[in-house]
Amino acid sequence: MILVLIEHDAGEVESTSLQALTFARGLGEPLRGVAFGDGGVQALEAAGGYGIEAGTHVRAEESHAVGAWAHALADLAASTSSAAVVAAGTDRGHEILAHVGARASAPFVANCIAAERDGDAWNLARQRWGGSLLEDARVGGPLTLLTVALHAVAADAAPDAGAVGVDEIEPPFSEDDQRVRKTAFEAMDTGTVSLGDARLVVGGGRGVGSAEGFGDLDALATTLGGTVGVSRAVTSAGWRPHAEQIGQTGERIAPDLYIACGISGASQHMVGCRGAKKLLVINTDPDAPILARADYAVVGDLHQVVPAITAELARRRTDDRHHER
Amino acid sequence: MNVLVCVKRVPAPGSRIVVTDDGLEIDTTHLGFTMSPHEECAVEEAVRQIEAHGGSSVVLTLGAEAAVEQLQHALAIGIDRAILLETDATGWDAIATADAIVEALRTEAANGTPFHLLLFGNEAADSGDYQVAVRVAHALGMPCVSGVKSLEVGDGTLSARRDVRGGAEVLTAPLPAVVAVKEGINLPRFPSVPGRLKARKKEIDRRPQAAPTARVETVRLRVPPEQRSEAQVLGRGPDAAPAVVDLLEQLGIVER
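Chains as they are written, first to last, in our numbering: chain A, 1 to 325; chain B, 326 to 581.
Do not take every clue at face value.
Now the in silico label distances, taken between C-beta atoms and shown as ranges [as the list claims (entries may be wrong)]: (1) A:Asp319 <-> B:Gln557: 19 to 27 Å; (2) A:Ala154 <-> B:Gly491: 20 to 28 Å; (3) B:Val489 <-> A:Gly225: 38 to 46 Å.
No more than 20 Å apart at the CA atoms, straight line, and that leaves these computed lysine to aspartate or glutamate pairs for EDC-like [said to hold, decoys possible]: (4) A:Lys278 <-> A:Asp295; (5) B:Lys474 <-> A:Glu251; (6) A:Lys277 <-> A:Glu175; (7) A:Lys277 <-> B:Glu390; (8) B:Lys527 <-> B:Glu411; (9) A:Lys182 <-> B:Asp451; (10) A:Lys278 <-> B:Glu433; (11) A:Lys278 <-> B:Glu555; (12) B:Lys526 <-> B:Asp352; (13) A:Lys182 <-> A:Asp38; (14) A:Lys278 <-> A:Asp197; (15) A:Lys278 <-> B:Glu390; (16) B:Lys474 <-> B:Glu494; (17) A:Lys182 <-> A:Asp91; (18) B:Lys526 <-> B:Glu394; (19) B:Lys526 <-> B:Glu390; (20) A:Lys182 <-> B:Asp571; (21) A:Lys278 <-> B:Asp571; (22) A:Lys277 <-> B:Glu580; (23) A:Lys278 <-> A:Asp256; (24) A:Lys277 <-> A:Asp301; (25) B:Lys523 <-> B:Glu394; (26) B:Lys523 <-> B:Glu376; (27) A:Lys277 <-> B:Glu574; (28) B:Lys474 <-> B:Asp488; (29) B:Lys527 <-> B:Glu390; (30) A:Lys277 <-> B:Asp571; (31) A:Lys278 <-> B:Glu574; (32) A:Lys182 <-> B:Glu555; (33) A:Lys277 <-> A:Glu251; (34) B:Lys527 <-> B:Glu394; (35) B:Lys474 <-> A:Asp38; (36) B:Lys527 <-> B:Glu433; (37) A:Lys277 <-> B:Glu551; (38) A:Lys182 <-> B:Glu477; (39) B:Lys474 <-> A:Asp256; (40) B:Lys474 <-> A:Glu186.
The set of hints was computed from the structure by calculation and includes no laboratory data. Heads up, the beta-carbon is just placed ideally off N, CA and C, and yes, glycines get one too.
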């Protein structure tokens with residue numbers, strides 16, 4: 001048997017967990033979904049469409065999540081003699097499986113893109129360097145923990161899905177699991193579009209030259225209803241806050257269009273914008289590495305090109321208004 | 326308060342990673358080396374916590390002699406003491422690495438330096454294992470908070486803030502504790518010239534390590550097939566603006 005951690009938002013299964021389920025279905029063992037907290041039963045029933053045969057709902061409290069959750073998963077893996085526990089490669093997935101691994105003295109392999117059983121061992125392919133490099137690895141032992149790299153596997157419903165038998169358990173209680181407690185949640189301002197959700201991102205790199213230089217990019221982003229993102233060079237220089245950083249140690253974006261201005265294309269940055277549907281590069285250097293990934297390019301100084309685009313947008317809007325009259 | 330910070334020496338890749346002929350390592354012939362980015366912030370955080378609360382700090386790494394460069398960087402920023410778990414061997418998976426760190430910390434405790442705060446990077450830039458801090462915490466019986474973007478240490482407790490979907494959450498834990506931080510928790514300072522000179526005079530505590538037994542064995546590294554595209558050049562300089570707006574209309578970003 002293989003356990004799959006189902007992350008959900010009040011019963012609605014996260015798309016990344018559907019990807020993990022699709023991945024787990026290829027491993028050739030029956031799947032049991034495990035969901036925590038309110039809405040868990042609903043999430044497990046929905047996950048039935050993705051190939052789990054059984055489900056366990058752990059009636060956990062959100063306030064002491066990780067320790068108690070990992071404890072429950074490790075116990076369940078032992079009592080079901082599971083060969084593997086699979087989760088999506090989210091912050092939470094990585095964190096919980098790391099705790100399960102520590103608790104069960106089991107190896108944990110993060111960000112897998114392929115897995116194959118080979119006798120008692122697994123042959124795995126996984127992402128390193130945020131996906132700029134792949135590693136083929138081999139791991140043995142009775143229990144292996146795997147996270148599935150985000151967006152590496154397309155979520156695909158099971159062709160022959162049946163009803164899921166769900167059982168419910170109370171999480172095991174231990175003082176040690178309660179030491180880390182959640183004491184507050186601060187919701188993001190409504191109305192702000194986070195980088196991860198933005199449909200249009202205007203990015204700036206070292207080529208922007210200064211904190212003040214971002215005025216041109218802010219103006220274009222405002223005109224287009226987009227969000228500004230930056231490279232690591234920019235946050236390291238203190239020009240913009242780290243929350244705006246796109247890359248391996250920042251945010252991953254997936255907009256319809258990413259306009260990258262004055263960005264050379266270091267792998268640290270490129271792993272963060274791989275999800276963009278289209279890439280428009282504005283750069284003075286026609287040989288910048290980022291151009292190898294670009295769909296469109298403007299060769300020129302961003303401080304001339306970007307204001308010209310903003311002005312052209314304004315001109316056409318004014319023209320439209322004249323036409324309407 | 327005694328603060329420990331664990332770091333890793335990693336290559337500083339440019340736009341493309343190249344693998345050695347045997348497929349087991351990154352070809353670093355033309356690359357520099359750096360500290361993994363989250364860990365640069367962990368070092369800065371260690372220095373700030375000691376500046377705020379007093380006490381002493383130790384930086385620890387596992388690696389070859391060359392990793393002294395990263396230890397000296399940490400010393401130059403203000404860390405008091407450095408430990409090198411010295412090894413030329415490969416095969417240090419996350420479990421073996423955590424075991425070596427735990428053993429070193431038990432030695433420190435036996436020699437009169439128990440740590441109250443253990444700082445790690447959330448994940449190393451190269452291997453991206455997401456677990457060494459958690460394994461060390463479990464082995465030492467300490468609580469662990471991951472993904473931390475803001476940290477306050479009070480009397481016997483800590484309060485940590487981290488980003489989650491739709492906002493941020495605040496977690497508390499008693500000390501001693503392990504905290505895995507993310508870049509953005511602070512903006513690391515650059516070492517000063519006097520700091521660098523002082524760092525060079527500090528002794529590195531070298532502790533040779535036996536070769537590890539890896540449970541996760543690296544068979545081979547490979548570069549994923551490159552997704553090259555031929556960029557359509559829309560123009561040069563500000564004259565390209567109309568073509569760019571045409572494109573924005575065509576892609577449905579703005580209305581025609």
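Hints versus structure:
no.: 1; hint: A:Asp319 <-> B:Gln557: 19 to 27 Å; verdict: holds (26 Å)
no.: 2; hint: A:Ala154 <-> B:Gly491: 20 to 28 Å; verdict: holds (25 Å)
no.: 3; hint: B:Val489 <-> A:Gly225: 38 to 46 Å; verdict: violated (26 Å)
no.: 4; hint: A:Lys278 <-> A:Asp295; verdict: holds (6 Å)
no.: 5; hint: B:Lys474 <-> A:Glu251; verdict: holds (13 Å)
no.: 6; hint: A:Lys277 <-> A:Glu175; verdict: violated (48 Å)
no.: 7; hint: A:Lys277 <-> B:Glu390; verdict: violated (44 Å)
no.: 8; hint: B:Lys527 <-> B:Glu411; verdict: holds (17 Å)
no.: 9; hint: A:Lys182 <-> B:Asp451; verdict: violated (31 Å)
no.: 10; hint: A:Lys278 <-> B:Glu433; verdict: violated (53 Å)
no.: 11; hint: A:Lys278 <-> B:Glu555; verdict: holds (12 Å)
no.: 12; hint: B:Lys526 <-> B:Asp352; verdict: violated (32 Å)
no.: 13; hint: A:Lys182 <-> A:Asp38; verdict: holds (16 Å)
no.: 14; hint: A:Lys278 <-> A:Asp197; verdict: holds (15 Å)
no.: 15; hint: A:Lys278 <-> B:Glu390; verdict: violated (44 Å)
no.: 16; hint: B:Lys474 <-> B:Glu494; verdict: holds (10 Å)
no.: 17; hint: A:Lys182 <-> A:Asp91; verdict: holds (16 Å)
no.: 18; hint: B:Lys526 <-> B:Glu394; verdict: holds (13 Å)
no.: 19; hint: B:Lys526 <-> B:Glu390; verdict: holds (16 Å)
no.: 20; hint: A:Lys182 <-> B:Asp571; verdict: violated (49 Å)
no.: 21; hint: A:Lys278 <-> B:Asp571; verdict: holds (15 Å)
no.: 22; hint: A:Lys277 <-> B:Glu580; verdict: holds (19 Å)
no.: 23; hint: A:Lys278 <-> A:Asp256; verdict: holds (6 Å)
no.: 24; hint: A:Lys277 <-> A:Asp301; verdict: violated (24 Å)
no.: 25; hint: B:Lys523 <-> B:Glu394; verdict: holds (14 Å)
no.: 26; hint: B:Lys523 <-> B:Glu376; verdict: holds (18 Å)
no.: 27; hint: A:Lys277 <-> B:Glu574; verdict: holds (15 Å)
no.: 28; hint: B:Lys474 <-> B:Asp488; verdict: holds (7 Å)
no.: 29; hint: B:Lys527 <-> B:Glu390; verdict: holds (15 Å)
no.: 30; hint: A:Lys277 <-> B:Asp571; verdict: holds (17 Å)
no.: 31; hint: A:Lys278 <-> B:Glu574; verdict: holds (14 Å)
no.: 32; hint: A:Lys182 <-> B:Glu555; verdict: violated (49 Å)
no.: 33; hint: A:Lys277 <-> A:Glu251; verdict: holds (16 Å)
no.: 34; hint: B:Lys527 <-> B:Glu394; verdict: holds (12 Å)
no.: 35; hint: B:Lys474 <-> A:Asp38; verdict: violated (27 Å)
no.: 36; hint: B:Lys527 <-> B:Glu433; verdict: holds (18 Å)
no.: 37; hint: A:Lys277 <-> B:Glu551; verdict: holds (16 Å)
no.: 38; hint: A:Lys182 <-> B:Glu477; verdict: holds (15 Å)
no.: 39; hint: B:Lys474 <-> A:Asp256; verdict: violated (29 Å)
no.: 40; hint: B:Lys474 <-> A:Glu186; verdict: holds (14 Å)
Checked against the numbered hints listed earlier, the structure breaks hints 3, 6, 7, 9, 10, 12, 15, 20, 24, 32, 35 and 39; every other hint is satisfied.
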